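J.: Those protein sequence lines, which keep their order, are chains A and B.
For the first sequence, the residue numbers in this note's numbering are 1 to 514.
For the second sequence, the residue numbers in this note's numbering are 1 to 118.
Since the hints were made in silico from the structure, they are not lab data.
Note that this is a predicted model, so its numbers are computed, not measured.
We put the CB at the ideal spot given by N, CA and C, even for glycine.
Keep in mind that the hints are not guaranteed to be accurate.
In silico contact screen, one side only, chain A against chain B (beta carbon under 10 Å); selected entries [what the hints assert, rightly or not]:
{"no.": "1", "residue": "I63"}
{"no.": "2", "residue": "S67"}
{"no.": "3", "residue": "T69"}
{"no.": "4", "residue": "D419"}
{"no.": "5", "residue": "Y423"}
{"no.": "6", "residue": "Y430"}
{"no.": "7", "residue": "A510"}
{"no.": "8", "residue": "L513"}
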Amino acid sequence: MKTSRRIFLGITIMIILISGCCNFVTPKIPIDDETTNLASDINDAAIEINGMDNAAPQEYDKIFNDSITDKKLFDSLNYTEQMQNSGNIYSFPRNREISANWCDSDDGYSIYEKGGAGNYNDECINQNELSELVCMDDFNTWLSYEHYCGEGCYNGACNSPTLTAVASQCKPVIAGQNNISNENRINIVFVGFNYETKDDFTLRVKKSLSWDSDETRGIFAIEPFHSNKDKFNLWYVDKLFDINLGQIARSDSYGALLSDDQRQMLLYYDNEISSACGFNNRITMGLLNDYGISYANVPNHEIEKYTGALSNGIILYPDDKTADKISDCQDDYTCSWYRNFYLNDGSPVAVTHEFGHAFGGLNDEYDLQLLTVNTSNKYTNCIRDNSINNIQQCLKNAPWKDILGMGCGDPKKIDCTPDNPNYELEVSCYEGCDYQSAGVFRPTLSSLMSTSTNRTWFDDKTNNRIYGPVNERIICCRMLYYTGEAGGTCIDYNENGLDLLGFCSKYKEANGLK
Amino acid sequence: MILMFQDNAYLLERTMKNYNELKSELTTSGFTFIIKKNGLKITVTLENLDIFSRIIMKHINNNFNYVDIQFTSLTALITNDKLFLIRTKEENDNAKKELIARGLSEKEAGWKTSFDQK
């Protein structure tokens, strides 16, 4: 049983050599001729706007700074450095792909093996901190990451995890539901980190699944999983694990921001522990007693090789005591959002969202500027293709062109208007997906894989098809791929002239699935 | 990964001077937006609030118009000369009082706040 939470000094990333890396510098806007010669008084905050002809940019900076009602707060809002120190938050696990190069002998970012870069080696800075050298993908530069080793550091590598479980600790979540003689079933395995009691953990497992009740928006409350329950076995590891993650960075935009190190550690444990359940076709969902941003792997060959399982995810799901602490916090700007989120049982929806990644291979559909990653999206929910440069070309060429209009109103045409509650789920084309705002297209205005101000989908209990038709169909393909069957609402994509098998065949080929 | 907000700012065309120039400046600075009937929907993060505010301030067409941006537990309110950062009812009341004194109607001073959405 856990007796106390320990906070260790954080994991920071020291950039020793930077070459075209981590460009989070806020751009400066040139001041145009209209915006000059401002006068200000911070006390009454009156700023003259007229006659501002010739002020230098520095003067405008001062005036802008003086116009802010709470300068201290404003300064604290800039998390650029914090994000930088947390590593590239969107790179995992893609950073594994930089492994095969000459300058690092331990397979890239590999904290459990000693390696090196150039003439330098990974080394222990002290008892618990490792300096891990990782090559950049230009093969000419490398970074040094300071990694906190939960199990201690020895001879240039973190000690291997000692959190293990045995097969007898692999328990069914629902008595009589699992069928292990059916080898095609997918095994969902839950692992709990840092919970005080098993009851705390298992209650959250049940809420995450929504097996018997749709009260929470867990995985099986939502289609196409709801109507395909017979393709899954449900397990949990009946042992509680404490894990030292070091300090978790927090920001108002992103909540708790697990660093690459922390995620790698959690996903590693996730896999190691769930292997006690013995199935190769398993998806592990790690529940961590904390609040913040959750993550999941998107399955592909690299990850399958890495995890030994199909995929896994980490969901930050606080117990009641931790949730109470969120209510108490004074200076943490994430508090109110999370308080609201947890009061409305948001975590099971987060599990369903992350399961969309882990099972369905779906991308996040966020349309954001300034955050860019280059992912290789093929025939999936974010489409980037040379033949698609605008909305019209998207409507003509997107992989979902055969189901335009589904999700709202007449399923054969795009006909919904914003006053329809399902308007945002109607299949069409919108620019912006996968954290990018241009050049990548998504199928619906919003869905469970994204949010919008109007519809977050996390507190909406009126619709159980909130992945949206395009994502549902992709999940159905994954179901076919893993289990050989797809029924329930997946049939919708094989009727009225639609050909589910034909689509899935193209999807499979485009994504290189064996 | 779940983000907490998107499209958290709405710019009304009628409150802006030189609307086309504004759109062009936003684009140049890396912002993208959805053009709606009466204005623009845009996503602002805390990381780019600084640059966004600087652009917007120059374009608001009189001293009682404003753009509000909703974050998780913070509301930012941009006028043509001031960036209000609002976390509490008191801060909100002060901002409201000031804008009403400038000529804003009571009804128009009803922006959403993070604290009243709890």
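J.: Each hint should be assessed against the structure and marked as holding or not.
T.: Structure-based check of all given hints:
1. I63: holds (9 Å)
2. S67: Hint on S67(A): holds, closest Cβ of chain B at ~5 Å, below 10 Å.
3. T69: Hint on T69(A): holds, closest Cβ of chain B at ~5 Å, below 10 Å.
4. D419: With Cβ-Cβ at 13 Å, over 10 Å, it is violated.
5. Y423: Because about 13 Å separates Y423(A) from the closest Cβ in chain B, which is outside the 10 Å limit, the hint is violated.
6. Y430: holds (8 Å)
7. A510: violated (24 Å)
8. L513: violated (23 Å)
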